[in-house]
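Colleague: For the record, in the sequence shown the residue sitting at position 18 is 18 according to full-length UniProt numbering, with numbers rising by one throughout.
A couple of the hints might just be wrong.
What the hints assert, rightly or not - Only pairs whose alpha carbons sit at most 30 angstroms apart, straight line, appear in this in silico DSSO-like list of lysine-lysine:
#1 Lys64 - Lys26
#2 Lys64 - Lys5
#3 Lys64 - Lys3
Said to hold, decoys possible - Okay, the calculated beta carbon distance ranges per label pair:
#4 Ser7 - Ile77: 15 to 21 angstroms
#5 Lys5 - Asp58: 20 to 26 angstroms
#6 Asp65 - Ser86: 29 to 35 angstroms
#7 Glu92 - Thr50: 35 to 41 angstroms
#8 Ile79 - Trp16: 16 to 22 angstroms
#9 His57 - Lys5: 34 to 40 angstroms
#10 Ala90 - Gly9: 34 to 40 angstroms
#11 Leu20 - Ala61: 16 to 22 angstroms
#12 Met67 - Ala90: 39 to 45 angstroms
#13 Trp10 - Leu88: 33 to 39 angstroms
The set of hints was computed from the structure by calculation and includes no laboratory data.
This one's a predicted model, so the numbers in the text were calculated from it and none came from an experiment.
Every residue gets a Cβ at the ideal spot worked out from N, C-alpha and C, and that includes glycine.
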Amino acid sequence: MVKFKTSTGWVAVQNWGYALQGINGKPANADLLASATHDLLVIDSSRDGTNGGRFFHDEIARMKDGMGGRSVVVSYISIGEAFGLSRLLAQELDGRRRGARQAHRQGAGLARTAQSRLA
């Protein structure tokens, strides 16, 4: 038996389930997942793979309070997707840094211009 420390205490895991989509490719059903008797449930963060389909906080809470007692609910993330997302995030952050440096330089230039006009 494995134990996981969660935000609400320790949960002993003897069995687990894995559900990344609903039945026959339909969106995952939060109520059906909440009725699972697994101690550990691996799910996708979204019922249908889209940002708009992400599970709500109360749905995750119901899954954690599963039919078999307190459960550990974890979200699956594809390593390939995570790698792609990390590159996109790095590019976005780099762009923001460049923008901030440019704004700083422009601000410094405006300050010098204002000082020269006041002198």
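Colleague: Confirm or reject each hint.
Modeller: Evaluated hints:
{"no.": "1", "hint": "Lys64 - Lys26", "result": "holds (22 angstroms)"}
{"no.": "2", "hint": "Lys64 - Lys5", "result": "holds (13 angstroms)"}
{"no.": "3", "hint": "Lys64 - Lys3", "result": "holds (15 angstroms)"}
{"no.": "4", "hint": "Ser7 - Ile77: 15 to 21 angstroms", "result": "holds (19 angstroms)"}
{"no.": "5", "hint": "Lys5 - Asp58: 20 to 26 angstroms", "result": "holds (23 angstroms)"}
{"no.": "6", "hint": "Asp65 - Ser86: 29 to 35 angstroms", "result": "holds (33 angstroms)"}
{"no.": "7", "hint": "Glu92 - Thr50: 35 to 41 angstroms", "result": "violated (20 angstroms)"}
{"no.": "8", "hint": "Ile79 - Trp16: 16 to 22 angstroms", "result": "holds (20 angstroms)"}
{"no.": "9", "hint": "His57 - Lys5: 34 to 40 angstroms", "result": "violated (20 angstroms)"}
{"no.": "10", "hint": "Ala90 - Gly9: 34 to 40 angstroms", "result": "holds (36 angstroms)"}
{"no.": "11", "hint": "Leu20 - Ala61: 16 to 22 angstroms", "result": "holds (20 angstroms)"}
{"no.": "12", "hint": "Met67 - Ala90: 39 to 45 angstroms", "result": "holds (42 angstroms)"}
{"no.": "13", "hint": "Trp10 - Leu88: 33 to 39 angstroms", "result": "holds (36 angstroms)"}
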